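Enquirer: Taking numbering that gives the first Met the number 0, I'd label the letters of the first sequence as residues 0 to 296.
Careful, some of the hints might be misleading.
[Said to hold, decoys possible] Ranges of calculated distance between the beta carbons of each label pair, as one might list FRET restraints:
1) G244 - T90: 45 to 55 Å
2) E248 - V37: 49 to 59 Å
3) P290 - G236: 20 to 30 Å
4) T141 - P84: 53 to 63 Å
5) K272 - K143: 27 to 37 Å
[Unchecked claim] Straight line, CA to CA, 25 Å or less: simulated SDA-like cross-link-like pairs of lysine to any residue:
6) K71 - G81
7) K272 - P290
8) K253 - R291
9) K71 - A89
10) K253 - I282
11) K72 - T36
12) K72 - A89
13) K80 - S27
14) K268 - G254
15) K75 - D29
16) K49 - T36
17) K72 - S27
18) K272 - N234
19) K268 - N280
20) K253 - P290
21) K72 - P83
22) K129 - K143
23) K253 - V241
24) K143 - P290
25) K268 - G244
26) K75 - T90
27) K143 - Y242
28) K253 - N226
29) K272 - Q224
30) K80 - V131
31) K253 - D230
Hint data in this document are derived by calculation from the structure and do not stem from the laboratory. Computed from a predicted model, the values in this text were never measured in an experiment. For glycine and all other residues, C-beta sits at the position ideal for the given N, C-alpha and C.
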Amino acid sequence: MAPTAIQKTSWADDIDELEAPTKVVEDSVDENGIRTTVEYITNEKGKKVKITRRIKRTLQKSVVEHNVAERKKWAKFGQEKGHPPGPDRATTTVGEELSLKLSAGNKNAEVEPTPSQNMKTQLKAAGAGKVVCRRCSGDHFTAKCPYKDTLSVLNSSDTVMDDDLPPSDNAPPAPSGGASTSGGKYVPPSMRGAGRGAGEAMRGTGSNRDDLPTLRVTNVSEDTQENDLRDLFGNFGRVARVYVGRDRETGAGKGFAFVSFEDRAVAQKAMEKVHGMGYDNLILSVQWSQPRPEQRG
DNA sequence: CATGAGCGA
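Throw the hints in and build the complete structure from the sequences for me.
Expert: So this is what it looks like as structure tokens:
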């Protein structure tokens, strides 16, 4: 380490020089593509110096591609209508467009569509926006199929695949329990409905979420939350679902709620007990809910 | 007073 050598202490010195007090007061490009900048600096002797630069920008074939350079000839429109070609530096800046893609989980790895998926896509295009029920071929969504109760026995995707695949009897290597999931997606054991004796998840008879015994609770205060009602009604038994009617915009409660139970007797009991009960500063009213008005599309 | 939301081949 020779102490004699005076070296630049850091790269910051260079930066300082580069950022010497310089003020660009004019910056324009004329119709010939000549950029003129006027700047004032203060030199080391404290004198102000005016610097005018005129920079002729030739088309840089190594930088600007032909098709990009071609755009300079396009007629301007909108607020720039009638202005000379090329970017006007008074109104145009160069920026970078950064796209930030957020995704839940790691599903962002979209795979290339497989040939069969392409076929499906084309079928869809041929249908041109028509909705076809996968269950009964009606013009409604599958979820709304009127026959979904009578035909619901079929296992989701299996029958659909039959259209695409020749009837090959050699099933892919499926473990004994997962026979019904040969379609591909993993289905947790608790969700596999096929195995008759397998899951206790199907407690009792009803697997439908729609036919749960549901109570309508009215006269709830507008700041009542789902959890409040769940706590209240949870005293009588298992609460399957709680919904608080809210204003779409403000989120404030609209004064009513629905509470669904697993068991109808429990719901009955809860209704009797909670009806007339004071809650916040109001008196709750509880009755059986009517099924939702039919929604058809 | 008061009867829910969303998904989409």
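Enquirer: Does K253 pair with N226 here, judged by a C-alpha cut-off of 25 Å?
Expert: Roughly 16 Å between the alpha carbons, so the hint for K253 and N226 holds.
Enquirer: With a cut-off of 25 Å on the C-alpha distance, tell me whether K72 and P83 pass.
Expert: holds, 9 Å
Enquirer: Holds or violated: K143 with P290, Cα cutoff 25 Å?
Expert: holds, 15 Å
Enquirer: Is the straight-line distance between the alpha-carbon of K72 and that of A89 25 Å or less?
Expert: Given that 25 Å is the threshold and the Cα spacing comes to 19 Å, the pair holds.
Enquirer: Hey, K143 versus Y242, does the alpha-carbon distance stay inside 25 Å?
Expert: Distance ~21 Å between K143 and Y242 Cα, so the pair holds.
Enquirer: Does I282 lie within 25 Å of K253 when you go C-alpha to C-alpha?
Expert: Holds, because 15 Å separates the two Cα atoms, which is no more than 25 Å.
Enquirer: Do the alpha carbons of K75 and T90 lie within 25 Å of each other, as the hint requires?
Expert: This hinted pair holds, its Cα atoms lying about 13 Å apart.
Enquirer: For the pair supplied as a hint, K49 and T36, is the alpha-carbon distance within the 25 Å limit?
Expert: With Cα atoms ~10 Å apart, K49 and T36 stay inside 25 Å; holds.
Enquirer: Please verify whether K253 and P290 have alpha carbons no more than 25 Å apart.
Expert: Satisfied, since the Cα-Cα distance of roughly 19 Å is no more than 25 Å.
Enquirer: Do the alpha carbons of K80 and V131 lie within 25 Å of each other, as the hint requires?
Expert: violated, 49 Å
Enquirer: Straight-line Cα separation of K268 and G244 no greater than 25 Å?
Expert: Answer holds: K268 to G244 is near 23 Å, not above 25 Å.
Enquirer: Do K272 and K143 keep their Cβ atoms within the hinted range of 27 to 37 Å?
Expert: holds, 36 Å
Of the numbered hints listed earlier, the single one contradicted by the structure is hint 30.
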